[in-house]
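Asker: Position chain F against the provided structure of chain Z, taking the given hints into account.
Top line first, the protein sequences correspond to chains Z and F. As numbered in our numbering, residues 1 to 258 make up the first sequence, in order. As numbered in our numbering, residues 259 to 575 make up the second sequence, in order.
Worth flagging that the hints you see were computed from the coordinates, not collected in a lab. Think of the CB as a built atom: it goes at the ideal place given N, C-alpha and C, for glycine as much as any other residue. All clues given are correct.
Heads up, incomplete: computed chain F residues facing chain Z, CB under 8 Å, no partners named:
| no. | residue |
| --- | --- |
| 1 | Tyr345 |
| 2 | Pro347 |
| 3 | Pro350 |
| 4 | Tyr351 |
| 5 | Tyr353 |
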Amino acid sequence: MMRIGVVALNTFREAVRDRVLYNLVFFALVMMAASIIAGQISIGIEQNVIVTLGLSAISLIGLLIAVFIGVGLVSKEMEKRTLYALLAKPVRRWEFLLGKFGGLALTLAVNTAAMAVGLLLAIAYIQQPIERAVGTVLIAVYFIWLKLALVVALALLFSCFTTPLLAILFTGGLYITGLYVQELRDLPMQVMSPGMQAFAKWLSYLLPNFENFNIVALAAHGRHVSGALIAQNSLYTAVYCTIVLTGAALVFSRRNLK
Amino acid sequence: MTAPAIETENLTKEYPHGFLNLKKKTSLEGLNLQVETGEVFGFIGPNGAGKSTTIKLLMRLIFPTAGSARILGKPVSDIDMHSDIGYLPEQPYFYDYLTAAELLDYFARFYNLSAADRKERVARSLKKVGLETAGKIQLRKYSKGMLQRVGMAQAILHDPKVVILDEPMSGLDPVGRREARDIILDLKRDGKTVMFSTHILSDAEMLCDRVGVIVGGKLRGVGAPEQLVGVKTRGMEILFELASQSAAPLLAKATRTGDRYRLQVPEEEVYGALDQLRAAGARILSVAQVRATLEDFFMNLVEADRAQASAIEVSGK
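Next comes chain Z alone, as it looks inside the complex:
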């Protein structure tokens, strides 16, 4: 556990030193612009605009970091051969992998939390006192972070057995597919052959369901989010990440480093 933590903290330090958190400046600019624009829109929907825009920006910026840095977590270390000296130390490959995952998940947590603070400030600017929206917005931010952790796990898995470019394509492709899992489940099964029915059903459960994490509309209208959904999403992410990371560890633990 300690070794995983050591790798994770160094991964976080790398992200900070490589100026990954500079994206916060961009987010701050988006929020400032949104606040000004929202202030000029008729009363009643400013909060809606700010929350929708803010959560979408948090999600998009986080996704870019999760995919592009997630894919590079291991592949960059292999390409630059920084991994060689490290793996000669008493550290197992799966510990290294989990450490890298933990480090980026921590980076994304800090990044997402900082953006959430920015969003709350923007809400406070247009609506004083800020009311019911805050709780739901925070839950929405938490769901975005869960989604990003899942994307990092997938990026890590793909980067363990393919090139960085393909890993980006696979991760991005799977993310987009995962947004439509519900549509796959809603397909008119009765017109399909039994084989296709089974395939569609299994595929809909196998693919990561990213749609579950999207509660932007609820947050924008300040609606209540059930505790069951919070528990379900937390558990789903934990189980899915465990399966994906186990797969990644199995592949990586047998991989020859050139």
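Answerer: Okay, now just chain F, sitting in the frame of chain Z:
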């Protein structure tokens, strides 16, 4: 009887290549090697001979197709054993966003050391490789030679029993090479086992108790450098000066450097050659036996391997 510090048994590594990876290229073939505790062992061979492959197999960076390897009596897959080994990769590269001191502190954290102990070891290692004043500079600003020194520092940071160095002299200037040699000799004095790969044969000859020569993925000879070379001589070398021009036929075979000439002759012809040179007015400065070197032994093996490869190519096998 204690187990050898490093031991390989029929260690083999094949890489698939070609269409659908159906062909196999053998990088290392049935390596049986033993490095005894406390010795400095040199692993020499031309580029692509299998030196780095062997070391990567020992460090579990790659996995063998067949055979096994043990360090300090334990299989290389035993993670705890890695607390007792130090490793310098070939052309090392490290996290360039860290300073040398930060990198060493990061690596030291894997050995369950206290903060004070880590600090002391980092400072000691940096001093040992001559980087005590550069410890707070980010590694992205380091030269290749400085990175090599950092690599050496991280390999000895935790006071390991076995140190494995892949081309430790590569990229170093004469001062750095001298310091690297001194570090290896210090490690030997402290009772550590050192295995290093190199193609700088003079380093191997100077430092190693034993060397292993690997060519074409096969181990071609193991032993003390003087044993491998044997006691046979390549002849005699005569060093002389010649002020005036002379038409002596032997002069055509001599190599001239300034006013001085060097002439190599077979041992049985040395007296005849001396007579001829004296008659031509030469002033004899020295006569010395030219012993075969590790380089001669090495080159013979490499040339034999190339000849064999050409023969196979010609016969189409």
